[in-house]
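Asks: Heads up: the sequence lines are chains A and B, in that order.
If you use the working numbering, the first sequence corresponds to residues 1 to 534, in order.
If you use the working numbering, the second sequence corresponds to residues 1001 to 1534, in order.
Source of the hints: derived by calculation from the structure; they are not laboratory data.
Just to be clear, a hint being listed does not mean it is correct.
[As the list claims (entries may be wrong)] Below, simulated PhoX-like cross-link-like pairs (lysine-lysine); rule was C-alpha separation at most 25 angstroms, straight line:
no., chain 1, residue 1, chain 2, residue 2
1, A, K138, B, K1115
2, A, K39, A, K138
3, B, K1165, A, K39
4, B, K1039, A, K39
5, A, K39, B, K1381
6, B, K1381, A, K138
7, B, K1115, A, K165
8, B, K1138, A, K115
9, B, K1186, A, K186
10, B, K1039, A, K450
11, A, K381, B, K1138
[Claimed, not checked] If the Cβ cut is set under 7 angstroms, some of the chain B residues that face chain A in the computed set are:
no., residue
12, L1184
13, Q1192
14, N1199
15, R1230
16, G1238
17, P1245
18, G1252
19, S1266
20, Y1301
21, Q1413
Quick reminder that beta carbons are idealized off the backbone N, C-alpha and C, glycines included.
Now for the letters of each chain:
2 protein chains.
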Amino acid sequence: MNTTTRRQFLRSVGRVAGPTAMYGAMAQLGLAHAGTPGKTFALDGGLKGAHRGERVLVLGAGVAGLVSALELQRAGYQVEILEYNQRPGGRSWTLRGGDRYTELGGATQECRFDKGQYLNPGPWRIPYHHHGVLSYCKQLGVPLQPFVQVNHNAYLHSQRAFGGKPQRMREIAADFNGSIDELLAKVVQQHQLDQPLDNDDQARLLDALREMGALDREYRLRAGPQVSERRGYVRDAGGGADGRPQDSQPMGLSDVLRSGLWRQLSNGMNYEFQMPLFQPVGGMDAIPRALARQLPGRIRYGRRVAAIAQDEHGVTVSHQAVGPDGRASGPMQQSKAAWCVCALPLSVLGQLDLGGFSAAVQEAIEAVPYAASVKIGLQFKRRFWEEDEAIYGGISYTDLPIQLIGYPNYDFQARGGVLLGAYSWGPNAFEYSAMAPADRVRHALAQGAKIHPQYPAEFLSGVSVAWHRSPFTLGCFALWDEPTRARHYDTLCTMDRRIVLAGEHASYLPAWQEGAVLSAHNAIEQLHRRALAA
Amino acid sequence: MNTTTRRQFLRSVGRVAGPTAMYGAMAQLGLAHAGTPGKTFALDGGLKGAHRGERVLVLGAGVAGLVSALELQRAGYQVEILEYNQRPGGRSWTLRGGDRYTELGGATQECRFDKGQYLNPGPWRIPYHHHGVLSYCKQLGVPLQPFVQVNHNAYLHSQRAFGGKPQRMREIAADFNGSIDELLAKVVQQHQLDQPLDNDDQARLLDALREMGALDREYRLRAGPQVSERRGYVRDAGGGADGRPQDSQPMGLSDVLRSGLWRQLSNGMNYEFQMPLFQPVGGMDAIPRALARQLPGRIRYGRRVAAIAQDEHGVTVSHQAVGPDGRASGPMQQSKAAWCVCALPLSVLGQLDLGGFSAAVQEAIEAVPYAASVKIGLQFKRRFWEEDEAIYGGISYTDLPIQLIGYPNYDFQARGGVLLGAYSWGPNAFEYSAMAPADRVRHALAQGAKIHPQYPAEFLSGVSVAWHRSPFTLGCFALWDEPTRARHYDTLCTMDRRIVLAGEHASYLPAWQEGAVLSAHNAIEQLHRRALAA
């Protein structure tokens, strides 16, 4: 069916059976799709005649708000965005030298990174299957570069294993895989498999185990060229008569198991962290800034929303000027519109004066806690991780409170660089949140020095974002559990009269920008249907 | 011991015991090292007094020749390089729109790629542990970007499996790993392990198998969120009420084993192919061009070496002008020097008139065959691999004669792009080498269309390099086997009177630029010791 016919069909469904039935029909028509590669989102048909220029208020210029506003504007709506910060992006944010940031409690940090260096305190990577985010990067010309998620030469570290000495990921990976495959090969050779694999398959399995585990001809994991080609050499191959490589010795399975370091090996196998991932060149805020450039004059920065009210005729939002220090001042203003996309985090929304919301939506807003997270960026004079340890990008994992160290995936072999010195969750994040910013940096330095002893000599400056102290989010992301989702999620995602919520919290991709994008698409499709059906 | 003392010690060793003893002493002093991160190579001490300005002829301006010449120049030698091509780099080469290339047999291709697009017909990636190459990139300001070796969303393809339908690498990886881990978990649960793992270790092993294999609570590989988070979803997570992801179903172990596709899974685990790898921004020839810029006026391009002769006083090389079409013309000229670094491939060297070489070295030169390899670059109007299939960089593997398809690791989401449409070895490479260039492209297009049916509609132009038809190498790289290496390698790498050989063939890193760099270091260290001892 063509576009006009399809819209007519949907309108008729909406009139007869109400919005829920219409939604089901939409889904069957394949309009409310999750992201698909190569598809550019567009609201179906756009507005005609009397509807053209209908006003929509968008609350929050994070990724969900920006995408909502851009697509609504493309479809012919007149949009106005109210944004707390003096910049677009919300959590999609980049800190650079000269930036100042005041957190809850009043502590102000000034970032003192050198030119060209940055920290993405919020999202920092884009999986290859986040088609929505990638589509906006393509449409708006945001250049991407690979984000090195898996670095076989980075460290796995535990205070309780190997005397606290960091191990190279390639060594743990090779020895774990090889040991497992050696064990299973022995079982197959002893004909102990009760799984129905015929003789040919058992022979294939032995081949596969030897190949995958780097086992020798007798299916053993032993020092030799096979396993050195996985875990690395005592001495690398070189040139000339003196260049013969020297094999390394795998460790025993028990050592690997007891170290617990195998827990980090599966990281890069998970769908969200499979290579390749990407980052915008120069910082994640390239994405919201590119979106914002499409909305000239439509974003009012430094406006703190105080109240949202709706009735059958429209939506009224009260808001006040707010400075970079978080102080609201000046008169309360009101903005009115026919419709509203509310892309504020639930943590903020739950603290506002809400009028005309259904009881179920209000309950849903208050039901979802927000995860705690802290990122700490540390600039060093010298890229000792590259120069001394040959770690170019990627991540080292540790059981220290810093949890990981992220290496810059840009400007390889430059002189200085910014490490992600901590990316903490849960209890570690609460502890860091309770510290003053300078103490967070000091603590991360002391901890990280257990992995990189070069820290004290090379340190220049640090900056941190504790998301529970962020005045514009009051937390990191919506921490859904299954019971809460079963009870509240569909309500939260369904348009409530003239207001529809959007953001990562209204998606099955929590904490990801892609969740914000796809939630925005879903929200404005609902709004658009209502507007057309009105 | 300080530099002067060390040199005196080495000279005295050289005088008393001869060069072989001296070499051993050098190695013990740690001078003849393989590449080390963060170390910048320098010849020890440099030349003084009468030695300063001593002439060295370097044959070949590939990576080995360029590095030899640069480091000799830095130490005070006067270098002259003779190079067959009109450009530096040898096999370290980049083809761009407008480039012309005449192969043996006289076929000339003109590359018609769009501006900014390129093919690296020789080396195309730099492992993180190739410290020598990385050091020159750093010293000379060659910017690097990640080379996506492992792409979980790229294809594994066999004509004989799954009806010829390409499979996503993540699916084969998840199902293989999960099946193996499920099998072993069953054995552990049934207490059939005869390996001495105590109860605690067996419990840890079960935890690890569940985690690594994405098994469920009962250690089974079954459709569900765990395994979907590895192999991908039937429908990805999305936004709004409709966004629930739909789990995928793993295939059975027998299907994976019989497909043979598991053979490609270990690729990214091998030391040379572990992430991260790198490529110079804009093409591999950025490296030789940066090296050549350090040698102004020292490289004579378009000179074909015809004869090399040495005696106790020096080296004489006869050479003639050669055009881009491979035709030699004009008078034979002679260059003379005290010493010579010969960085020509053995395949070329074996065809020259050699005078004054030891019989053992001549035998070694003739003993090593060269591997056949062909690369075919194909430019397309549109990046359908990205737009339609979400494959951003990396490699798809196939059992077709093209062997693999390499996707560009730069300018992601640009309009057009150049694929590596074939990278063939062995018999496949010989077949491609026997074809006319246009037929190679046609064949690669027809084969690749079995994986990417968009090929015919989107094709623009192609170019190929069959290394056995390259007039400046006559093959791809030195194909050492262990018996040949045992018999000839040390001889080949040891300075023969006034001539020392360099190149990937004189290393334990065949086919890699790092082999050329480390071979060059080793060669000029020998030369320098001889010069100082003379």
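Asks: Each hint should be assessed against the structure and marked as holding or not.
Replies: Here is what the structure says about each hint:
Distance hint between K138 (chain A) and K1115 (chain B) is fulfilled; the C-alpha atoms sit about 19 angstroms from each other, no more than 25 angstroms. Note on K39 (chain A) and K138 (chain A): the hinted pairing holds, with a Cα-Cα distance of about 11 angstroms set against a maximum of 25 angstroms. As the CA atoms of K1165 (chain B) and K39 (chain A) are separated by approximately 23 angstroms, the hinted pair is consistent with the 25 angstroms bound. Restraint check for K1039 (chain B) and K39 (chain A): the C-alpha separation of about 49 angstroms exceeds 25 angstroms, so the hint is violated.
Note on K39 (chain A) and K1381 (chain B): the hinted pairing holds, with a Cα-Cα distance of about 18 angstroms set against a maximum of 25 angstroms. Taking the CA atoms of K1381 (chain B) and K138 (chain A), the gap is near 16 angstroms; set against the 25 angstroms cutoff, the hint holds. Pair hint K1115 (chain B) plus K165 (chain A) does not hold up; C-alpha atoms about 49 angstroms apart against a cutoff of 25 angstroms. With a C-alpha separation of about 19 angstroms, the suggested pair K1138 (chain B) and K115 (chain A) falls inside the 25 angstroms cut-off, and the hint holds.
Restraint check for K1186 (chain B) and K186 (chain A): the C-alpha separation of about 14 angstroms stays at or below 25 angstroms, so the hint holds. As the CA atoms of K1039 (chain B) and K450 (chain A) are separated by approximately 24 angstroms, the hinted pair is consistent with the 25 angstroms bound. Between K381 (chain A) and K1138 (chain B) the CA atoms are separated by roughly 16 angstroms; this keeps the pair inside 25 angstroms, and the hint holds. Among the interface hints, the one on L1184 (chain B) holds; its C-beta lies about 5 angstroms from the nearest C-beta in chain A, closer than the 7 angstroms criterion.
Restraint check, Q1192 (chain B) versus chain A: the minimum CB separation of about 6 angstroms is within 7 angstroms; hint holds. Given the 7 angstroms rule on beta carbons, the hint for N1199 (chain B) is violated: about 12 angstroms separates it from the nearest Cβ of chain A. With a cut of 7 angstroms, the hint placing R1230 (chain B) at the interface with chain A holds, because the nearest CB-to-CB distance is about 6 angstroms. At a threshold of 7 angstroms, the smallest CB-CB gap from G1238 (chain B) to chain A is about 3 angstroms, leaving the interface hint in force.
For the restraint placing P1245 (chain B) at the interface with chain A, the shortest Cβ-Cβ distance is roughly 6 angstroms, inside the 7 angstroms limit, so the hint holds. At its closest, the beta carbon of G1252 (chain B) sits 10 angstroms from a beta carbon of chain A; the interface hint therefore is violated under the 7 angstroms criterion. For S1266 (chain B), the interface hint holds, since its Cβ comes within 7 angstroms of a Cβ in chain A; the closest pair sits about 6 angstroms apart. With a cut of 7 angstroms, the hint placing Y1301 (chain B) at the interface with chain A is violated, because the nearest CB-to-CB distance is about 26 angstroms.
Contact between Q1413 (chain B) and chain A, as hinted, is supported at the beta carbon level, the nearest pair being about 4 angstroms apart and thus within 7 angstroms.
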